[in-house]
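If you read the sequences in order, they're chains X and B.
The numbering of the first sequence is our numbering, which starts it at 1462 and goes up by one.
The numbering of the second sequence is our numbering, which starts it at 12 and goes up by one.
What the hints contain is simulated information worked out from the structure, not anything from laboratory work.
Even glycine gets a Cβ: it sits at the ideal position worked out from N, Cα and C.
Mixed in with the good hints there might be a few duds.
Said to hold, decoys possible - Distance windows between CB atoms, simulated: (1) B:T111 x X:R1520: 41 to 49 Å; (2) X:R1520 x B:K176: 33 to 41 Å; (3) B:K255 x X:P1567: 47 to 55 Å; (4) X:N1655 x B:Y181: 33 to 41 Å; (5) X:K1690 x B:K104: 29 to 37 Å; (6) B:S14 x X:E1644: 58 to 66 Å; (7) X:H1647 x B:L28: 25 to 33 Å; (8) X:D1682 x B:E106: 37 to 45 Å; (9) X:D1682 x B:G267: 42 to 50 Å; (10) B:K248 x X:I1643: 50 to 58 Å; (11) B:K176 x X:Q1561: 17 to 25 Å; (12) B:L257 x X:I1643: 39 to 47 Å.
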Amino acid sequence: MQNNQIELEEVKKVDDTHEITKGVSVSIHDLKKDYGDRKVLLGVDLEIKPGQFVAIVGRSGCGKSTLLRLVAGLEESTAGSLHLAHVYLPNNKDTRIMFQEARLLPWKKVLNNVSIGLSSSSLCRAKEVLAAVGLEDRSDEWPARLSGGQKQRVALARALVHKPKLLLLDEPLGALDALTRIEMHHLIESLWLNNGFTALLVTHDVSEAIALADRVILIEDGLISLDIKVDLPRPRLHSSSRFLEIEEDLLSHLLKTIK
Amino acid sequence: MKSPAIHKIAKGMIPWLTPIFLIAIWQWSAQAGYLSTRILPSPLAIWQAFIKLALSGELWLHVKTSTWRALTGFGVGGSLGLILGLITGSFKKAEVVLDTTLQMIRNIPPLALIPLVILWFGIDEVAKLFLVSIGVFFPVYLNTFHGIRNVDPGLIEMAKSYGLKGFSLYWHVILPGALPSILVGIRFSLGLMWVLLIVAETISAQSGIGYMTMNAREFLQTDIVLVGILVYALLGKLADVLAKGLERSCLRWHPGYQSS
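The shape of chain X in the complex, shown without the other chains (with noise of 0.2 Å):
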């Protein structure tokens, strides 16, 4: 049985400071998924408005990728309802995602990645978008000249070429050094505040989180067990006494599940 409805709603929408948002909003009411006897989410309601970044924690195999999926369109749901309310443009083409792992076609070069799925003539964009994500010079290349991180930074910006109104992360900076992540957090942190899409990260790191994120929700046994507001200044500095507050209330929370 499928009662999963994906609507998609052409509204337009002034925000307070009368600027048209590029986001969109997402709506996901009691939304249930299981593999045969195995139930991963029992029921989630989340609404997330336009051009939030919030940030889905968990420990591994709580269901917190699969919510990710179910929104991506990648599987579909068991029961509930998953709405994409759209500002702008009318499909959910708007919505990107990025994956674990970069998942660059090995045999095109960096900029037909990027290009991939646009018509021929948008490769102007495509560099564009590469040279916002400091690869202008490496266009050329084979993806597997590449290291680790500048492949997710080539995945991002085949994901941000598309101008999506909803970019879901699936953990795309666990493979990363400690390093490069810091970099990585810059540069989504940048590029979401001039884009001004929604984003929806899942990872199990809880400071990337805090850093990024202006909402954390603690997913355990399928079921959303706790949402933070995280209202602090950006940049963030992880060593502000707020942000090391916030992590010591995840964590705790986190901690207190395993038992």
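With chain X fixed as given, assemble chain B onto it according to the hints.
Frame of chain X, contents of chain B only:
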């Protein structure tokens, strides 16, 4: 101190030292009379036979005929293998319908079909083309099938979520992903192509390298037999070099084919 250029040439020579050494010993033992010319003529005698055949134009005629047979058979069998492999690899239903049958046929050695082939086609050109085609079909078919099946599902998922579908998904993702495996199949079948052709030409032919050597055998011209064998070796090597070149140009993106 050696200059780098000389050093490089010297390094390139090393693989050739063993064959040169062996040929030298061969020439020496033939000259000293340890080897009967009936069994193994000296390298020099083979070279002279080669020159004679080349100058008379006879050799080229046979090489031309054999090459034509090899390439036609390869073209027919290889393209059928490629097409069927693409179909069974891409469509589960086609696999269910066709694969079992093809696997059964695959287990028949092509050479075991010779009596049947002679009954069907006589000792005509068609018989030789049939044998070569059926032999090269299976390596291409199997490797194409597995190449398609082994394309990274993560890449396919990514491409679909980025809006690729149908032909463009096939052209940009599935086919290039299967290409390394397809080329392995092609390289393998190029080797088989010569083996099968040699056998087919040895059985019955009015021209071709196989005919030339069988004819020479009847007149006890061991030197010409050896020329024929060496020409086969050269053609086989040539086919392999071409296949390698094809791999290198088609798989430039592959880390395994990149010179740093």
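Structure-based check of each hint:
1. B:T111 x X:R1520: 41 to 49 Å: holds (46 Å)
2. X:R1520 x B:K176: 33 to 41 Å: The hint (33 to 41 Å, Cβ to Cβ) holds, given that R1520 of chain X and K176 of chain B are roughly 36 Å apart.
3. B:K255 x X:P1567: 47 to 55 Å: violated (20 Å)
4. X:N1655 x B:Y181: 33 to 41 Å: holds (36 Å)
5. X:K1690 x B:K104: 29 to 37 Å: violated (53 Å)
6. B:S14 x X:E1644: 58 to 66 Å: violated (45 Å)
7. X:H1647 x B:L28: 25 to 33 Å: Violated: the Cβ-Cβ distance is about 58 Å, outside 25 to 33 Å.
8. X:D1682 x B:E106: 37 to 45 Å: Between D1682 of chain X and E106 of chain B, where Cβ atoms are some 40 Å apart, the hint holds.
9. X:D1682 x B:G267: 42 to 50 Å: Since D1682 of chain X and G267 of chain B have Cβ atoms about 45 Å apart, the given range 42 to 50 Å holds.
10. B:K248 x X:I1643: 50 to 58 Å: holds (55 Å)
11. B:K176 x X:Q1561: 17 to 25 Å: Given about 23 Å between the Cβ atoms, the range holds.
12. B:L257 x X:I1643: 39 to 47 Å: holds (45 Å)
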